[in-house]
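Student: Protein sequences appear in the order of chains A and B.
Counted from 1, the first sequence has number 165 at position 165 by full-length UniProt numbering; the numbering is strictly sequential.
Counted from 1, the second sequence has number 208 at position 208 by full-length UniProt numbering; the numbering is strictly sequential.
None of these hints come from the bench; they were simulated from the model.
There could be a bad hint or two in this list.
[To be verified] To be clear about the criterion: a stretch of chain B counts as covered by chain A if any three or more of its residues have a C-beta under 8 Å from a C-beta of chain A, and this derived list gives those stretches:
no.	region
1	210–221
2	267–277
[What the hints assert, rightly or not] Between beta-carbon pairs, the in silico distance windows are:
no.	chain 1	residue 1	chain 2	residue 2	range
3	A	Asn-113	B	Ala-348	39 to 49 Å
4	B	Arg-305	A	Trp-241	48 to 58 Å
5	A	Ala-276	B	Gly-299	56 to 66 Å
[As the list claims (entries may be wrong)] A few chain A residues facing chain B, derived, Cβ under 8 Å:
no.	residue
6	Gln-9
7	Leu-16
8	Ser-140
Glycine is no exception: its CB is placed at the ideal position from the N, C-alpha and C atoms.
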Amino acid sequence: MGVSIFIQQVLNGLTLGAVYTLIALAFSLVMGILGILNLAISEIFMIGAFIGFSLIMSGVPVWLALPGAMAVAAVISMVIARIGYEPLRNASHITPMLSTLGFSMILQNFATNTWGSDPMQLTLEGWLDTRFHFGLVSLSVVQIVVFAVTLGLCVLTALLIQRTDIGRGLRAVAENRDVSRILGVRPRRMILVAFALSGLLAGAAGVLVGLHYSVITPYIGVDIGLKAIAVMIVGGATNIWGALLAGPIIGILEVLTVAYGGAAMRDFIVYGMMIAILLVRPQGLLGGSSKTSGGRV
Amino acid sequence: MLKSMMTAAILGVAAMTAVPVAVQAEDLTGKTVKFGAIVPASGPFAEWGRANTVALKMLEKQVNEAGGINGAKMEIVIYDDGAKPAQAVSMLRKLADDDQVLAVAGPATSSAVEVAFPVANQLGIVSVSQNSSKPGVAAANRPWGFRNTVDEAKLARLVVPFFAKTFDVKKAAIIYDAKDATASAAGAKIFPQILADNGIENLDADTPISFNTGDLDVSAQVTKLRSLQPDAVVLSADYSQAITVLREMKRQGMKTPVVGSTQLMSSAILAAYPELPIVAPTTFFAGLDVPAVKTFTDGVTPLMRAEKNLPGTIEPSLFDANIYEIVSLFAQAAKEAGVTAAPADLAADRTRIRDYMASESDFVGLGGKVRFAADGDAVKSFFIVQAKDGKWTSLETACSSPEADACAQ
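With the rest of the complex left out, here is chain A (with noise of 0.2 Å):
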């Protein structure tokens, strides 16, 4: 019994650091680019849960809800880049942080008047609420989706980051703004880029939280986001990888503290780890070298 609800244990920590994962990349690519914290991204990702549990219990499929929610998710995150961060560009990198903070307020306020402080429930049905079970050990079709979006997302980022002219662009405006207008890139356009990718892997992860919990609040996003941030920085904010590795250790990390340590112990260990690796490798797991910082993303 105690191997198998270790093994359940470390499933369950799987689908948080999944979740983790994509807020991590959210951050990591304006973070990578720009250089700067955009804190909305924690209230992107609440938002994007709400609209996908909206469309879903309104009879909308899920593989349509997703990418529904997403580009929801992507269009707030423009409007941010647009009125949160352009205007304020020149300005100290604590400036456009700020204003994305106001920003997450806004959004934060904007779901308790709209969808209730209450919690929001969905009923899932059919495949979805399809569950296998390995004697004591099981696992859900929910999870399984999670795992698979997950991953495919961060392979869809990591290939157009790497392979497509849209991230040549981006990382050339990552290297020297100035530098890339010359080569022909419109910076301002790959800054709308990434915001909209970012908005994209939020609203992916809102949608996927929505569907595994089952239950929602305008107020999910805190907590989730300040844990996404700790895994940025423990992956590494310029690698994509660094979050595909850093997700599942500290979703691992949090419930395992939480199964054999008490509640009470998960945040002084899941951000310990943060500090640990700020003092030792502040570049994170998969980040390069401080002489090296300019590759980002």
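Following the hints, put chain B in place on chain A, whose structure we already have.
Tutor: The following block gives chain B in isolation, referenced to the frame of chain A:
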């Protein structure tokens, strides 16, 4: 013998003098009697506060249409504290100093009450909480702090044995919200003691299972609960957090009956895990077959559902009933205790309300008679209810006080 007879006679006289003396009601025509209310209309409990507001506006209209308070118009000044203790204190000061209300309903949460009640004592104004049920909070803040709720410990002492007998519970596991004042007091102290008192094995006594307010992922805790194989789960959390646990129990296929405190009372709980028996105590629920409850529910439900920022399926909760009763009692006190509503008499009027609250024993609330014990908490009937087929069903009725006839009509 003679000595004991004399003692009884003295006590009898003392009891008689404690009953409020009928005061000649003053004609207050043309005046306004103002009460205050502090509700959490924003933040994590926004729906509580917004629903409270609807119930209070309905009461204000009802009282004024029935002639007001001895001819005076009744006005309820309602402020939002966002469930934040510091904001609750600011609102209480504003109501007392700027609005010059006679008494205040609220604040709601125990954490807000713990800081607002001492301020009520400083200001000399009655403050009555509609939600707080953390043990001992009113008792520590006499004489101006009251709660129209029953201490969770008193309820749990009656609910747990009933639940254990009904579901044949020999061993149970407790899970609680460690960041919620009431839930952690009940989960870490009250329920373990009551399980022990009733001979029920507490499976997680050595390594308590808890989570934090706002946690969405409680999979690790529920997997741990499942591994303990309890006959029942004691869930100590407010309903919005409890839903997260119930959903996870459902996801992991855990079919163990659940018992909790009044914090579970919400129509939202009914949808979380409809197949699971969930038992809790309450002094009110919308389906209660009592004429006053039916009138209240029929009146307030359409008003709540018409509010654009409340769910279209909302039903009045225990806390809406509590705040409705609190201000109804204020109005009765103002009518019967000789309140003048003159600015010069503000302190005296506030004292009249307080004394009436402390001694009044004939006030009939929605679920039956309500009075306040010496510790400032309400003495009232309560119901042990079970979530069944999408609604709460009453299994048993009891009184929160062991005194004979304490809840008799």
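Student: Would you mind marking each hint as holding or not holding in the structure?
Tutor: We went through each hint and held it up to the structure:
| no. | hint | verdict |
| --- | --- | --- |
| 1 | 210–221 | holds (count 10) |
| 2 | 267–277 | holds (count 3) |
| 3 | A/Asn-113 <-> B/Ala-348: 39 to 49 Å | 42 Å, holds |
| 4 | B/Arg-305 <-> A/Trp-241: 48 to 58 Å | 50 Å, holds |
| 5 | A/Ala-276 <-> B/Gly-299: 56 to 66 Å | 60 Å, holds |
| 6 | Gln-9 | 6 Å, holds |
| 7 | Leu-16 | 5 Å, holds |
| 8 | Ser-140 | 7 Å, holds |
Every hint from the earlier list agrees with this structure, and none is contradicted.
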